[in-house]
Amino acid sequence: MQAQNVVVSFKNIQKTYGGVKAVAAISLDIRKGELVCLLGPSGCGKTTTLRMLAGFIDPTGGDISIEGQDVTKLPAYRRDIGIVFQNYALFPHMTVAKNVEYGLVNIGMRKAERRERIQDILRRVELQHLSDRYPRALSGGQQQRVALARALALQPKVLLLDEPFSNLDAQLRVRLREDLHGLIKSLNMTTLFVTHDQEEALTLADRIVVMNQGLVEQIGSPEEVYDAPASRFVAQFIGTCALLEGNIDGSGLFTSNGGLRLPTKANPGPATVVVRPEFVRRADELATLQAHHARVEASDYHGHVSRLQLSIGYDQLLMDARFPVGMKPQRGDTIKIAIDPGGVRVVPNQV
Amino acid sequence: MSQTADPRYDRINFIILIAPAMLLLVVFLVLPMASVFRASFYPGTTAIGSSGFSLNQYYKFFADSFYLSVLMETVVYAIITSVGCLLLGFPVGYSLARLPPAKRRVRMILIIVPLTLSLVVVVFGWLVLLGRQGLANNILIGLGLTNTPKQLLFNRSAVLVVLVQQFLPFMILSVMNVVLQIDPVLEQASTSLRARRLKTFAKIVIPLAAPGIISGFTLIFVMTASAFVTPRLIGGPRTHMIGGLVYDEVLITFNWPFGAAMSFILLAVGLGILATVSALIVRPLARGLHVR
Ligand SMILES: Nc1ncnc2c1ncn2[C@@H]1O[C@H](COP(=O)(O)OP(=O)(O)O)[C@@H](O)[C@H]1O
Ligand SMILES: [Mg+2]
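Residue numbers (the numbering used here), protein chains in the order written: chain A, 1 to 351; chain B, 1 to 292.
For reference, chain B alone in the conformation it holds in the complex:
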């Protein structure tokens, strides 16, 4: 809402308004990222006092099937977690959006509260729940489904369950926000045009909710791909995700160049997959799903 007709003033105003945020981003994100990127091209195993330029770190990664399989596993976790959150979160987000505002507020608090807890607390909660003496095993034994405690922790399914639990609120909120923008009368219009519930959902709700679905999916994909606390603590020593490997290289063995290279490989692969996924699903979503 500029008062002036002169576009130069608009530009100056715009620059003044975004300057503080830009400054913060440049100093604390872009510059560190650039130096990490630079570090990934050092030839040795330390960044201190290094110079020169080589692709050693990248060769090391792609030549080792262990790293490749961890990368693969990380991507698979990210996809399963995002899809799981979508399937579980969409119905919740949709119904929240269709509730009267007063009822919605109370329920939203219940969804947001877990996000305010420290991740470590949440993960320890799961450890207690799924442990050998935990509630889950007690119930299984109590129901007579098993005689000895089952090993519920330290496997892939446990990691996925906890990741989905952690990130589900992001999908719920993302879907809820976009469904709030969809006029419920559109669904009635669809019904009066001979569409059953499922068809209205596939042809009207999903396409109009597509932006929220895609942003929730992207957010959760990125957060899962870089997760390291959950896989480490819930997955145990045999579960590996790239985030954990980067953590070890950077903070335990101090091999910054290799840690930096892994980070950027993860970034590039993640962006590549997200770009492919959205290119593949954006148009079909916007057009509506196919139902009979």
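Okay, chain A solo, but in the shape it has when bound:
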């Protein structure tokens, strides 16, 4: 089973605190150069999982290996892991350069080589002009880059990041996210990243591990978890959607609530479908499809689109659409819509 290029391997990892399962059972392989994201709501066990890999928390059960070597019992300082903490954890009594140098001294690197390594990594994060500053004299974004440089200077086998953008403002977050992605990919660094922000996960990750209450709900590429959610939880946590229950027969899904008929080719039987708001369109845009009369229950203006809450009989749908100036539907209006069959996804029914 062990593929050649697997760097990190979690096998049935668990952690319980006084009988409460923080992490119930996680199995995951991370390949060389892959950027994997643990995504889930607060308290679902992401940080605990990350810290078990870092060696700060002993798992209650299961094994962790790095490049084929079992590290479950290895102390943190022998795991060859770089970590960027949520609050960066820069050493306040050391300059930027000293912070970066710290790990290099610990592995016994010679002075000349250290200096070269520090300059190289500070250049990559564009901080060489601040190398003599103390952390308290840096902005949040700069501190984050120092933390990253400090971790990367040791050229670890895996880089771990725990919500590294959560202390930054929205504008900076997007820019630093792109920089981080570029840097990690240029170094071909194997990375495990923790966030509760689905947008961060969708833009950064090669693969997303969606977690809920200590369990993995789905592992897949951003497209897979968005377009083909494996559970109701994943569908609702990532992006926005309407969930409809019904029965599939030869001609599509017939909702049990109101008798709305949705086009789908999935296997017959009872099913839940996800309908994303961008697949609900104005009837004039999809003239070939069956049109439905929908009542507008609420309308929020989002700038690039308006998000409408619609009801068709007893079924609720969401719709993202643009309307010509002055034509925006108001609450209580009835509009004609059509549903793009490409956006109707069946969610496996859970046990």
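Hints listed in this document are in silico derivations from the structure and should not be mistaken for laboratory results. The reader is advised that the hints may include incorrect statements.
Capping the alpha-carbon separation at 30 Å, the derived lysine-lysine pairs in DSSO-like fashion look like this [what the hints assert, rightly or not]: (1) A:Lys21 / B:Lys150; (2) A:Lys185 / A:Lys111; (3) A:Lys11 / A:Lys32; (4) A:Lys32 / A:Lys185; (5) A:Lys111 / A:Lys157; (6) B:Lys103 / A:Lys73.
Put chain B with the ligands on the given structure of chain A with help from the hints.
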């Protein structure tokens, strides 16, 4: 948090806020100190009705090898006690700071309670413990380590043990307070940067705890240097510290000028040593200890 932009108001507010404390200090500390300082320059053996200015008292002190040796001994006691408190108190203060707050509270009470007891009570407790019929001797005899009771009191080691016991809480609290300010994640960061426990301790914890170490050291140095109850009662007639000599001069022979001179010599030497020690250790501490 001044509401006004005018710095003059800030200054006036500041003066109003510190005035009561300043007044108290001037009336009850600075003025008496000044008059004691003045008294140390009187030529005779009494301050009453004295006038004139001479260095007689200081000559007397520095010309007599007895006084010099007591000064030396006092300084040595102060250094050994401070270092002893540091070595014993640091691990305790550190672990207290790393406990969850609820557990910490209970243990802190145990550390503070001895400070609320009168020093005389504590010292008598030690006299009972270390006396010829005391618990310590009973245990030694019971274990067969000795047949006759040992003389445990009235020697230097006994004085040092009791001084360390008295002042240890100050070091523990001082270290605990500074370690509470150190984010434990910094230690994890250090570990992930390939530092073993000892290295993290030497390079991260010690430098960041340096202010607490130095304040605890200073406090205990000063308190030991001026101690006189403990050396007198535990050390017996042959143990001398400057504090005891000053006490005798001022309250028994009423030779205020000489007592005043000894006080100021102790003050000057103490400050000098503290300044030297901190100049020597502040930077190395802040940079971190050397470990492999
Ligand atoms: N030291 C601990 N003791 C008890 N419970 C803990 C401890 N650490 C975490 N937990 C619990 O484990 C769960 C997962 O925590 P965490 O991994 O921090 O979640 P996340 O990072 O996804 O927000 C939470 O319910 C949390 O309360
Ligand atoms: Mg977390």
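Right, here's what the structure says about each hint:
no.: 1; hint: A:Lys21 / B:Lys150; verdict: violated (59 Å)
no.: 2; hint: A:Lys185 / A:Lys111; verdict: holds (28 Å)
no.: 3; hint: A:Lys11 / A:Lys32; verdict: holds (17 Å)
no.: 4; hint: A:Lys32 / A:Lys185; verdict: holds (11 Å)
no.: 5; hint: A:Lys111 / A:Lys157; verdict: holds (23 Å)
no.: 6; hint: B:Lys103 / A:Lys73; verdict: holds (29 Å)
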